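A.B. asks: Chain A is already provided as a structure; the job is to place chains B, C and D on it using the hints.
Chains as they are written, first to last, in the numbering used here: chain A, 15 to 329; chain B, 39 to 531; chain C, 6 to 543; chain D, 19 to 300.
By construction, these hints were calculated from the structure, which means they are not laboratory data. None of the values given here were measured: they were computed from a predicted structure. Don't take every hint at face value.
[Claimed, not checked] Footprint (simulated), chain D over chain B, 3 or more residues, beta carbon under 8 angstroms:
| id | region |
| --- | --- |
| 1 | 150-159 |
| 2 | 256-263 |
| 3 | 271-284 |
| 4 | 323-335 |
Idealized CB from N, CA, C, for every residue including glycine.
Next come the chains, spelled out residue by residue.
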Amino acid sequence: MLIYALKRLRSLVLSLLVASVVIFAVIEVVPGDPAAFMLGINAQEDTIAALREELGLNLSVYQRYFNWVGGLLSGDFGISYTYRSPVAEIVTERLWVSLPLAAYALSLTVLLAFPAGILAASRRGSVTDLSVMGFTQLGVAIPNFWFAMLMVLAFAINLRWFSAGGFPGWDEGFWISMKSLTLPAIALALPQASILARVMRSSLLDTLGEDYVRTCRAKGLSKAQALWRHALRNALIPVLTIIGLQFSFLLAGAIIIENVFFLPGLGRLVFQSISQRDLIVVESVVMLLVFAVILVNFAVDIAYALVDPRLRRGR
Amino acid sequence: MMKAISRSMFAASMMLTAGAAFAANTDVTVGLQLEPPHLDPTSAAAGAIDQVLYSNVFEGLTRFGPDGSVNPGLAESWTISDDGLSYTFKLRAGVKFHDGSDFEATDVVFSLDRARAEDSVNAQKALFAGIASVEALDAGTVKVTLSDANGSFLFNMAWGDAVMVAPESIDDIKSNPVGTGAFRFDSWSRGDKIELARNEDYWGTPARIEAATFKFISDPTAAFAAMMAEDVDVFYSYPAPENLMAFEADARFTILSGSTEGETILAMNNKQAPFDNAKVRAAVSYAIDRNAIIDGAMFGFGTPIGTHFAPHNPDYVDLTGNSAYDPEKARALLAEAGLADGFKTTLKLPPPSYARRGGEIIAAQLRAVGIETEISNLEWAQWLEQVFRGYDYGLTIVSHTEPMDIGIYARPEYYFQYDNADFQTLIADLAVEADPGKRSGMLKQAQTVISEDYVNAYLFQLAMVSVVKTDLKGIWENAPTQAIDLTSVYWAD
Amino acid sequence: MSLLDIQKLSLSIHGTPILDNVSLSLRPGEILGVIGESGSGKSMTAFATMQLLPDGANASGKILLQGQDLLTTSEPELCAIRGKDIGMVFQEPMTALNPLQSIGKQVAETLRIHDRSLSRGEAMRRAANTLERCGLPGDQFPLSRYPFELSGGQRQRVVIAMAIALQPKLLIADEPTTALDVTTQAQILVLLKRLVSEDGMALMMITHDLAVVSGMADRICIMRAGKVIEEGAAGTLITESKHPYTRALFEASSHQPDRIQGAHNVPLLQVRNVVRDYALPRKGLFAKPGRHRAVNDVSFELHHGESLGLVGESGCGKSTLTRAILGLEEVQGGEILLDGEPVFAANQPNHKVRRKMQVVFQDPYGSFNPRHKVARLIAEPFHLLETQPRGAEREALIDEALESVGLTPVDKHKYIHEFSGGQRQRIAIARALIIKPKLIILDEAVSALDVSIRAQILDLLADLSARFGLTYLFISHDLSVVRAITDRVLVMQDGEIVEQGETGAVFDAPAHAFTRTLIAAAPRLPDIPAHIGDTHGA
Amino acid sequence: MAEKSILRLALSSRNLIIGLALSLVFVIAGLLSFLWTPYDVTMLDIPSRFQTPSAAHWLGTDHFGRDILSMIMVGARTSIAVALVAVGIGMGLGVPLGLAAAARKDSLLDDLIMRGNDLVFAFPSLLIAILITAVFGPSALNAIIAIGVFNIPVFARLVRGAALSLWTLDYVLSARVAGKGAARISFEHILPNVANLLIVQGTIQFSLGILAEASLSYVGLGAQPPIPSWGRMLADSQTMISLAPHMALFPGLAIVLTVLGLNLAGDGLRDLFDPKLRKART
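With the rest of the complex left out, here is chain A (with noise of 0.2 angstroms):
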């Protein structure tokens, strides 16, 4: 287990390591200077210097590459061109926005995907499964951002159930938060739910045909004891990859929902900071979303070997 362990991690560090350098690369080609766009249109020459120079724009590429990274390291993210404060505060602020979305969406994919996916196949060609298969079919081809337009004009704009958008704070109350994300997060947790329920109902179907399921009918257990007791679990590993995809998505692929729903998060932080030119936060939450998908990815690989006693023994 450990060693498995210890495998993966190294093939982490690896990875980041690469990631960082594409990243880095990527957005030092980035045309537009940061300065420039600050100061406007009526901005001298040497005052765009000045700032340059102020902003650490003007140092070689990598002594800015290895800043960046060594900062990275020490937790220091550097200091934002335009906010002109820490990357890592306007970051965190920015996280609990995207982390609770983030996990909420999930938690609704979970919740649709499982009895669907679940109740479709155990019912496999019954009406409910053809049912399940035609919403999930529909909900993979709707784009969450023209969901999410529809439900703000039904929602928020007729029926005034829910705001239209915006971001309360925690501190204004717990469920004030929480109904203020509940748009976003259904919006967001569709398409992705009628995901993971097919993938669910796959998954489960190809168990159920397994040979130990026989085996476990074979014993006397009931068809909805040996899917419980047996499939389910070994159904769950592909399960586990998609939803380890889908955080990862849901982190950074709310984007556009952010914008849609005005909400303060990453996804909205790093698309206003690829407009403003704020290179350095452009970069280091990037890298944080990669880093979030690379320990999400690490997370399930070690949640595979819980799962599955063949990895734990280190096989």
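C.D. replies: Quick look at chains B, C and D alone, frame taken from chain A:
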């Protein structure tokens, strides 16, 4: 005169309602499309900084009134030497910064020296270029000496980039601004809102409301929904004119439509063929139907202009006749220029909807006379790089929101690259001319020159449309500068 | 009274008829051998008895277990019967266990599912007892073991433990030893026999291999194409049956092709001190990867015209050796010469040598690219030639190869899925023959075939060898086949050749202990009276 | 029981038929738009803006008075072209990489390819697409590249996985015995046998490509005006959703139906190709 009357009427209405205490409505939430990147108005071009902080938190020596006039600010009064080179400001007594320190002449020296220093990152450094020295005569008097006479020096000092800051609090100014205004900075949750609280020790008339929240809502749909749900009390410079009909029909809301300093123009690259030919530029101007653009892109909000000057300015000349919509004439002019079959060019559009929507309409109008445009939608950073600094464009649409900026036509390196020696002389003369009558004449002449040279196609003056709860009073209708002055805002019954 | 009485059972799945009026019965404590080739419906009979039929199955008739018709019994009642009154053992032990659950839990589950009041600890204790009875004592095989930590034979013991934990009256074993090596097979058969007699269970033993049941069954039932062909007491049925299919089946099982001994003493293939190592996955993070020696210092010679058998259990290194001989992988020590030339020279497979040998693989289904037509499939070895035949010459060679294996030239325009397993193996042989090699390696070439087909292919091989002077290297785990077709035999164990010699001599008087075990473990058919055994062909 | 299975068979082919029919409607609409659209999509007619569906404008008009049906037809062309080429990029690069990785299993090459794939997967795709377009400027071409890049590992993985199991089959061994090299085997034996999988996955990636293109052009990074694209139509409609809901409804439906059609077709194809399901049926 009108100003004085309206001011006293305001004062009267304030007196009348002052007695009634409002338990519920003592704060106001202002919706804004853009969030300030940081909170130092003296080191960035972002208008959002001024919108939140100007006159609310920070004040300058002079200040803009709602009509664009220049009024005394932290300087109670001033005297100007006869040669127009030295200004002696008498500062208000008893002014304190929010951190409790006194506002004194040394702070003025610090603020102005900082703005004009070698390593200054002030976005409007040109405002301070003419200052030769700043000295504190005593704690309450400052003398500013100019190298050349400058008729607009007091006007310059009213800008948000010229507000007074203190050396004690300058280090944290970007996240914790400390000024002298009627409100002090309270908190900022980035990406969402900034909160201000009333400054109880304000030197002047204290604000009527106790707290103000600026909420940043960039998405127009969200803005619409937030307004409809009454999450915000006023949406300043409402971004989606298409929704205004809905607000107009709703008694809860009032629409304030005022003028801005934003001349929206279709800029042409005067050094790039074929726009180096005045006939081609004229053809472009004639090919454009301003009313269709105002209607189609701005849903009717906006005033057509024929030159680069704000129509609400007394010196404005209506020159729209110089380029009235006439596609036939446009085609004829193109033929004269040897381009009877039309030509292809680029149309680079920055993000605001006036540019994006206006661009699509203009592209269609130009196509009708044979000019094919390739549209590319750019972000501001790209626009600055490619168009503004790189001159890599044929056409672009942008709104010039700086007040009284006709002088940019005298700068041959300015992005549309208009190089006219006579015009440059005219502007140079204007800068040193103090006589109001002569100044007016020269301004009118300047407007005519650039209109008849068809430097750019002048489209319309950007309207400032704000949606306000009907009960909320005291919001500025016009935008002489990018500021949301909340000092005299109050709730009616 | 019968314990199990199947009456006129007919079964169709998605409209395809599977069983047709099958009737058979089993008395308490009796062992019934159900024998049939693939597609005979023998397994479906078992699944019908368990009422574990696939979706879309439609059964009629009666399946009476102690007088209760299982076809009309409700699903909850069936659940109570399965595992308690009827236990079942399956063919594939590698997949029959839940990989994520310990063996103790899986065995205990049988107990707890039928007796809710049983405590967890008590169930585990009884599971341990049951496993011990099945030859997995707790000190060597703790309950916490997971299936992946056990070998195939051990897993089959766990499956058996699950099936007999509640001492059911009837045990159904569906090809329980087919996937196992002969020595393991023998042990499992012994185990089953012991358990049946200890618990007084009836056993329905389903198999394709006559020899497996001939030694243990009280009665035998022969099935073919969904019908019961013949049923009777084991002894009399084997020796006295007059039913042509039964006779043909028995004949084929012990088929001995007519062979001409044509060996010269000129070596064709020389294998000298061959060593083949594999890298193992790293054990530790910084540990050097370990090495596994799959073939250890193997030497032998194969003469022109000879048929040499290579026998060993799975994992003994015979497949690795085959690949090395074919020049597919480089060896780490020693040399392999064909006609005096190395098969692998200068880190490159030697094409000149390779065209002198071809191979026929086990799986008639996986041996052909399903997207190519037969002509293209069997022409593939032309690639080895310096000048590839084209046009009419090529067609002629293809036709000739097909005809030589008993197919027709028309077949070259078909796709492989249009052929049966036996025909596919003929095509595989045609592919091997097409470039007229000297040596053909037959890698378990008849192991996947039904006995009757196997007999035909063995005849074909004998015939081809005589006609073309072919040399065979015959790799198999099946001793009876090796005995039938080879001149000499090599016995391989753990990467080494432990015994070699004339086939007859080795079989009659094995010298090495392993060979002795192997031969003793191989199930044998009783001798069939010669006067009946004369009938040829099928 | 038997009827049920026939029903299911019919149903699976019904999936395919409905799916293909739906996708074809939009393909044909897109192709037709080269020759004819009810109205010229580049002509603005501001006085007749925000019209709800009528006989003259079947799907109404937008904020510039353009005919929405015509725009959806031309938008189909953009969406389909972008997604198709992106799938092409993914297949064109991913398939050879996957084949190479499988042919040299556990080699350095395999390791490099798979690590590279993992890395691409680790990047938040939409974010990188936004970055790519920020670097090279928004255009349909850059949208194609941004989407295509993320298709590469999908196909590489798929092909590698399938190829690995094919490499263990005896017919590949036979080909090796016949002296064929890895490249030749990959193209002769492996590729044709993963073609089914590629078609199915290609259909799915195609539909994902349509969604991705819609997302990108929704944030303004896809095809530039005046070329209509579904995502930008939705973006334009967003502020007018309470004023003219039909502007948001129809382009959204076009996306949903196209993606739905492609997914159904993909499912149908998979059912048709999957030997496991097929065996269960016969």
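A.B. asks: Hints the structure violates: just list their numbers, smallest first.
C.D. replies: Structure breaks hint 1 only.
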